Amino acid sequence: MMGLVLATAMVSPVVSLAACLATVPLLAVNPFTEPVGVVHYLIVGAVLFTAGIACMTLKRNALGILMGIELVLNGANINFVAFASPYLRADGAPTLGLDGQVVALFVILLAAAEAAVALAITLNFYNNHATVDVDRADDLKG
Amino acid sequence: MTGMLDMDIMDISTLTPVVPPLATTLAALSALPIAGINWHSVLFLLFAGLACGFAIGVVAADNVVRMALYLVFSLGSTAGLFFLAGADFIGAMQLMIYVGGTLVLLVFGVMLTAQAPLVSIKPSSSDRMLTAVAGASLLSLLLTAAFSVDAWRGPGVGVVPAPSATPLGMALVGVRVDEPPAGTPVGGRVGYMLPFEIVSVHLLVVLVGAAYLARAKRRRTPRPIDALASAMPVEPVAPAATVAPAATVAPTATVAPTGRSAGGAKSALVGGGR
Numbered sequence: 150m151m152g153l154v155l156a157t158a159m160v161s162p163v164v165s166l167a168a169c170l171a172t173v174p175l176l177a178v179n180p181f182t183e184p185v186g187v188v189h190y191l192i193v194g195a196v197l198f199t200a201g202i203a204c205m206t207l208k209r210n211a212l213g214i215l216m217g218i219e220l221v222l223n224g225a226n227i228n229f230v231a232f233a234s235p236y237l238r239a240d241g242a243p244t245l246g247l248d249g250q251v252v253a254l255f256v257i258l259l260a261a262a263e264a265a266v267a268l269a270i271t272l273n274f275y276n277n278h279a280t281v282d283v284d285r286a287d288d289l290k291g
Numbered sequence: 002m003t004g005m006l007d008m009d010i011m012d013i014s015t016l017t018p019v020v021p022p023l024a025t026t027l028a029a030l031s032a033l034p035i036a037g038i039n040w041h042s043v044l045f046l047l048f049a050g051l052a053c054g055f056a057i058g059v060v061a062a063d064n065v066v067r068m069a070l071y072l073v074f075s076l077g078s079t080a081g082l083f084f085l086a087g088a089d090f091i092g093a094m095q096l097m098i099y100v101g102g103t104l105v106l107l108v109f110g111v112m113l114t115a116q117a118p119l120v121s122i123k124p125s126s127s128d129r130m131l132t133a134v135a136g137a138s139l140l141s142l143l144l145t146a147a148f149s150v151d152a153w154r155g156p157g158v159g160v161v162p163a164p165s166a167t168p169l170g171m172a173l174v175g176v177r178v179d180e181p182p183a184g185t186p187v188g189g190r191v192g193y194m195l196p197f198e199i200v201s202v203h204l205l206v207v208l209v210g211a212a213y214l215a216r217a218k219r220r221r222t223p224r225p226i227d228a229l230a231s232a233m234p235v236e237p238v239a240p241a242a243t244v245a246p247a248a249t250v251a252p253t254a255t256v257a258p259t260g261r262s263a264g265g266a267k268s269a270l271v272g273g274g275r
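Top to bottom, those sequences are chains L and D. One point on numbering: in my numbering, the residue at position 69 of the first sequence is 218, and numbering is uninterrupted. One point on numbering: in my numbering, the residue at position 184 of the second sequence is 185, and numbering is uninterrupted.
Some hints here could point you the wrong way.
[Unchecked claim] Pairwise CB distance ranges, derived in the manner of DEER restraints:
no. : chain 1 : residue 1 : chain 2 : residue 2 : range
1   : D       : G50       : L       : V266      : 44 to 54 Å
2   : L       : P243      : D       : L139      : 26 to 36 Å
3   : L       : V256      : D       : G50       : 17 to 27 Å
No wet-lab data here; the hints were simulated from the structure. Please read all numbers here as calculations on a predicted model, not as lab measurements. Where a beta carbon is used, it is the ideal one built from N, C-alpha and C, also for glycine.
Model the full structure from these sequences, guided by the hints.
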């Protein structure tokens, strides 16, 4: 019974994904002969974002979680750059323009700052507990 | 940049007299519908596949060193995607700051903490299944959102000449020189000088704080890692037992390891202040 519930839970997102892709006239673009559009970049951004979220939830190594955060920030950055790009829209369609690129630049800088602090915290934790397993970080548990 | 990407009018028939051994191959290739290939799109597919594949590799790998390597490749391919979208400066910054800075930092973190049991901490299989379900749900949600707007779905206009680095640099010092979109009121746009300064000071403060957090502290009690190290026997005591007389073997054999571990803890205490 439990296995059946679990199997249903595993299959249902796949079915909904397939249904969503089937109803959409997929991509409407031959990517070998025509220029790519915004949606292609959005797909890449979605895959990177999902991989980052999965990394953050799955990994027990603190550095693995940090890598997941980097992937999430990069997925968001791809979307910013895609919406800012004049290459990917139809002729004359409004884009984010320069603003999207500036935001992407700030995201890269803040990610560097975040990585430095998170790495310092991880090294401190490793010095005190001799491990980087975040499941062992339960000193504050009441 | 635009000159490099403007390759879709490449005529391979002009190459055949130059390279005779390749003539037959090129003749066979020209029979294929290769002349209409948009190389910008092909390069996009290449970099997109690399970025997505290595991102999934980061999730799938258990070894933290492999994860770091896959992350380097994924972020480098993302820089290629930025170049292909016409954001030259962002792509260069991605390579310099992310691949050159942040990931080097991460690899140092991996090296500093790579004790044998910590290199690959395997998650449980129920965690893997839950993550797969949650990831598939999130991906279907994001893709539905991405496909839901008609204006995003069509082909783009392709590579157009557009300056990218100069307006960006001018905007960061507070002057907008880029073309305003239609309908923007004159003087309605601001530069980014204040956010730029805030980010600069933020980066300085954060790096000073990180150096403060990661500094070595002199500690009163030995750290657990030093206790682990000193608990291990440094050198076997069996030869001493064979040489010494039988009456004094028992005290020295029991005292020697504790004295050695105390000495180890003391040296760890001194060494902890590095």
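Name the hints, by number, that the structure is in violation of. Hint 1 alone not satisfied by this model.
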